[in-house]
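From just these sequences and the hints, can you work out the full model?
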Amino acid sequence: MKSSSKSLVDVARRSIILATVILLALVSVFSGCASSGWSVLTAQNRLRVATTTSLYDTGLWGYLEPMFEEKYDVEVDVISVGSGIAFDWGKRGDVDVITIHSKAKELQFIDQGYGVERFIFAYNHFIIVGPADDPVGIKDLAPEAAFQKILETGTTKFVTRGDDSGTHVKEQAIWKAAGYDYANDIETASWYVDASGGMGQTLEMASELNAYTLSDIGTFLAYQSGLNLASLVEGGAIMLNVYSVIAINRDKVLPNELAETKAWKVKAANNMVTFLTSPEIQKLIGEYGVKDYGQPLFIPCAGQTEPTE
Amino acid sequence: MHWYNEIWNALVEALRLIVTLDPEVVDIARRSLAISAASCLICFLISLPLGSLIHFSRFPGKSLLISTIQTLYSMPTVAVGLIVWLAFSSSGPLGSLSVMFTPTLMVIGQVVLITPVMLGLVISALNAIDKAVPETATALGASRFQASLRTIGEARFGVMTAVVMGFGRAIAEVGVSQMLGGNIAFYTRTLTTAMMRETYIGNRDLAMALGIILIALALAVNIVLNRLQQRRQ
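Order-wise, the sequence lines are chains H and P. Following the numbering used here, the numbering of the first sequence begins with 1 at its first residue and continues without gaps. Following the numbering used here, the numbering of the second sequence begins with 1001 at its first residue and continues without gaps.
Heads up, a few of these hints could be off.
With the Cβ distance kept under 10 Å, some of the chain H side facing chain P (calculated, not the full set) [stated by the list, open to error]: (1) Tyr63; (2) Glu65; (3) Val78; (4) Gly93; (5) Gly198; (6) Gly200; (7) Leu203; (8) Glu204; (9) Met205; (10) Leu258; (11) Pro307.
Worth flagging that the hints you see were computed from the coordinates, not collected in a lab. Positions of the beta carbon are idealized from the N, C-alpha and C atoms, including for glycine.
In structure tokens form, the structure reads like this:
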């Protein structure tokens, strides 16, 4: 048939154009990922960090990551999840280092052999935030008393992280200190709302619902301008918020890992710990946020006795 | 702020991001395109031969197989994400491949997601071609294989539809990309995962702007694919 050879050429030509377009797209994305060889396809030469959301949402990781990458020539991938998930991924070996703020669980993580060692590197405080007009009237109360008043009044909502994060664990500790049973008195309460997410997301929801919530001071300051919430309760020893870094114990978590990969990862993880606790970076952590928010978001504390309030 | 103000702001922001070629937006747009194009291509290379094989063969349970494929069109993206995650997690059976949270794994996940769609639509396209086509070819001396090729050739517009549908599902999905990629900045972040994050942390303007860019991109790709699809007059 006379059209068959012509349409074959036609199809061939169109296929070539299509294939070229696709190839260009692929090349452009792969060349966009800086770094050598197969690193783009697999993660063997990338350092994976699972971080609590407050270190990410405040922009601290965005600030420190390029410095680390340049100093040690290592590609770092920082994934922002709650501390609960960070522990889980650490146990599975999906990440190499975790930065979290949940002391009891950190000690358990190390005891069970999943982590090598816990190094504190920064701290700040939790605060209770809520609508500026403070309908329940918790301003300047002690945190336990504030929670009690929220429960007893029962008309204004409280938003929880609900994700087993360091913040969520602290919140549960405050409820307990106030004398309540979390599962029976709080979780089922009508005014209790589960955001199931990170700190930024939870603050957003609290702002939308004119509700109270517990937040670390860093994330709150970073998000404050877009929220209609105010800081109402700031004191109390229970509100201490200490951040640590833990490298996962590869022997236990990934026993079948290739020796070469393991050596590389262990070195990179140790470099990360050294980096976060080094005097230069500690100084930068202590200054972070002053320019934009008028006060530092974190207080450096590496190598010191752990703060207790 | 009224909703129409928000939409207007989003449009302006989208335009600004495109015109100034904002590096983060360029990065995620390129990645969305590349990952979806890669999965679409791989899927096509699987679906055309496999779909042809299924269509042209006769075997017991054929219609059951085709029904199952069509049911899998509606597989939730998070379910696909979870299954692939369990398989490729560092502690999982394929963990030694070390592809957790990489664009590679996102492509694998999307291939799993869109293969049923492309496969099913290829089979439908072949099915729609009149039996007279391969029969005539055979009558003119073609082998069974050559006759099948004629049918495939006649079905090329339907096959193109299958590719377009597959690509559409791939570029629009967020469940697989988020779960398998981790939304890592400048590495596995795509338009859809970025949109989700920005929405949740309250940057609705930016999220909407990204959404507009995503639609514009999908539109542009479809226009190109359509032109390639046109019958010569």
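Status of each hint after checking the structure:
1. Tyr63: violated (12 Å)
2. Glu65: Cβ of glutamate 65/H sits 9 Å from chain P, so the hint holds.
3. Val78: At about 7 Å, which falls below the 10 Å cut-off, the nearest Cβ of chain P leaves the hint on valine 78/H intact, so it holds.
4. Gly93: Where the cut-off is 10 Å and the nearest Cβ of chain P is about 4 Å from glycine 93/H, the hint holds.
5. Gly198: Status holds, d = 7 Å.
6. Gly200: OK, holds: glycine 200/H within 10 Å of chain P, min 4 Å.
7. Leu203: OK, holds: leucine 203/H within 10 Å of chain P, min 8 Å.
8. Glu204: holds (4 Å)
9. Met205: Given a least distance of 9 Å, the restraint on methionine 205/H holds.
10. Leu258: holds (8 Å)
11. Pro307: Result: violated, 29 Å to nearest chain P Cβ.
When each numbered hint is compared with the structure, violations occur for hints 1, 11.
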